[in-house]
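In order, the protein sequences belong to chains A and B.
The opening position of the first sequence corresponds to residue 1 in the numbering used here, with each subsequent residue numbered one higher.
The opening position of the second sequence corresponds to residue 1001 in the numbering used here, with each subsequent residue numbered one higher.
FYI, nobody ran anything at the bench for these hints, they're computed from the structure.
Treat the hints loosely; a few may be bogus.
Facing chain A, a subset of chain B residues (Cβ under 7 Å, in silico) [as the list claims (entries may be wrong)]: (1) Met-1012; (2) His-1024; (3) Gly-1027; (4) Ser-1086; (5) Leu-1117; (6) Glu-1120.
The C-beta atom is built at its ideal place from N, Cα and C for all residues, glycine as well.
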Amino acid sequence: MERTKYKDEQLWLHEYFDYIGILDVDLDAQIQMTHSGTSLPEVLDVLRNGTVVCAERDYNGCEFTVKGRNCDGKDIIVRGVFHADMSMVRVVAIEKTR
Amino acid sequence: MGNQSGHKCSEMHVRECVGFDASHLLGAPFPVTLYGGVGEKYCGKCGAVKGHIIKDPMELIAMVAVLRACDDMKLNGSEVKFLRKSMSYKAKDLAHKLDLDPAHLSRIENDKKPMSLVYEKLLRAAVCLKFIETAKFIGVDVSHVLSMNITSAKCVSKIFDLHLCLVEKDNVLRLKSHGAADGDLVRSWEGGDPKLAI
Chain A
1 MERTKYKDEQ
11 LWLHEYFDYI
21 GILDVDLDAQ
31 IQMTHSGTSL
41 PEVLDVLRNG
51 TVVCAERDYN
61 GCEFTVKGRN
71 CDGKDIIVRG
81 VFHADMSMVR
91 VVAIEKTR
Chain B
1001 MGNQSGHKCS
1011 EMHVRECVGF
1021 DASHLLGAPF
1031 PVTLYGGVGE
1041 KYCGKCGAVK
1051 GHIIKDPMEL
1061 IAMVAVLRAC
1071 DDMKLNGSEV
1081 KFLRKSMSYK
1091 AKDLAHKLDL
1101 DPAHLSRIEN
1111 DKKPMSLVYE
1121 KLLRAAVCLK
1131 FIETAKFIGV
1141 DVSHVLSMNI
1151 TSAKCVSKIF
1161 DLHLCLVEKD
1171 NVLRLKSHGA
1181 ADGDLVRSWE
1191 GGDPKLAI
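In isolation and in its complexed conformation, chain A is listed as follows (with noise of 0.2 Å):
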């Protein structure tokens, strides 16, 4: 896993999976999972263990992007949002690279 400069965040939302886990999916990022050839399972993987490379906190909750890579080894790219008042997680858009 790379370093990463937001590891209150990362290590939030890695734990985050581990004991609540309700997601929410937009319906952009699902067509994005279905042109990419993503699956839940993969996205799953890079939420709980990539590596967050942007966040940026508010008083809602915070917006983040998490960098990972699948078992096939592509690199994944969400992008996603925490809402606190509800307590979940949102994505918002899944990218594959390489």
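Once you've looked at the hints, dock chain B against the given chain A.
What follows is chain B alone, placed relative to chain A:
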């Protein structure tokens, strides 16, 4: 988040989604239909569906993988790949675990070679052991998986078809599989935290 009527969808509501086809999300090569456990997010103004809320995606993946591994119908290449991905194994790692040549596993996943029964049973057992908690919940015995008679897909006209139902009242997930008629309860699983109900 705009739409055709020009307004910005911001007022989101959630309703229970019945009959949600989860196969595309899960990357499953067989139909997986969820009756409950999934919330549908929609715009309060225009009614457009904006996404889905999955209550326990990891448990869902585990359950689908274990149920497929326990079904006696022969696995095809896409199903082998699906089971591998649900366990988050790289092809070479799974090949190493099964004592297979990675190139041979690749040929199996691409339907160029069938998987031998011995390796198929080992793969099924590996799935059950990986998701041992889920396997215990639904009463799967790994020794049964190792001794099961695998049915060739050519001998069965039906396709593997999984229906998962969640009864919110006592939070019991009822599962129907393999073309079971409506109402037939094949297995039941009790789990999840009622507080997390959508």
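Status of each hint after checking the structure:
1. Met-1012: The hint is violated - Met-1012(B) has no Cβ within 7 Å of chain A, the shortest such distance being about 10 Å.
2. His-1024: With a minimum Cβ separation of about 6 Å from chain A (threshold 7 Å), the hint on His-1024(B) holds.
3. Gly-1027: holds, 3 Å
4. Ser-1086: At about 5 Å, which falls below the 7 Å cut-off, the nearest Cβ of chain A leaves the hint on Ser-1086(B) intact, so it holds.
5. Leu-1117: The hint is violated - Leu-1117(B) has no Cβ within 7 Å of chain A, the shortest such distance being about 25 Å.
6. Glu-1120: Violated. Min distance 20 Å.
When held up to the earlier numbered hints, the structure conflicts with 1, 5 and 6 and fits the remainder.
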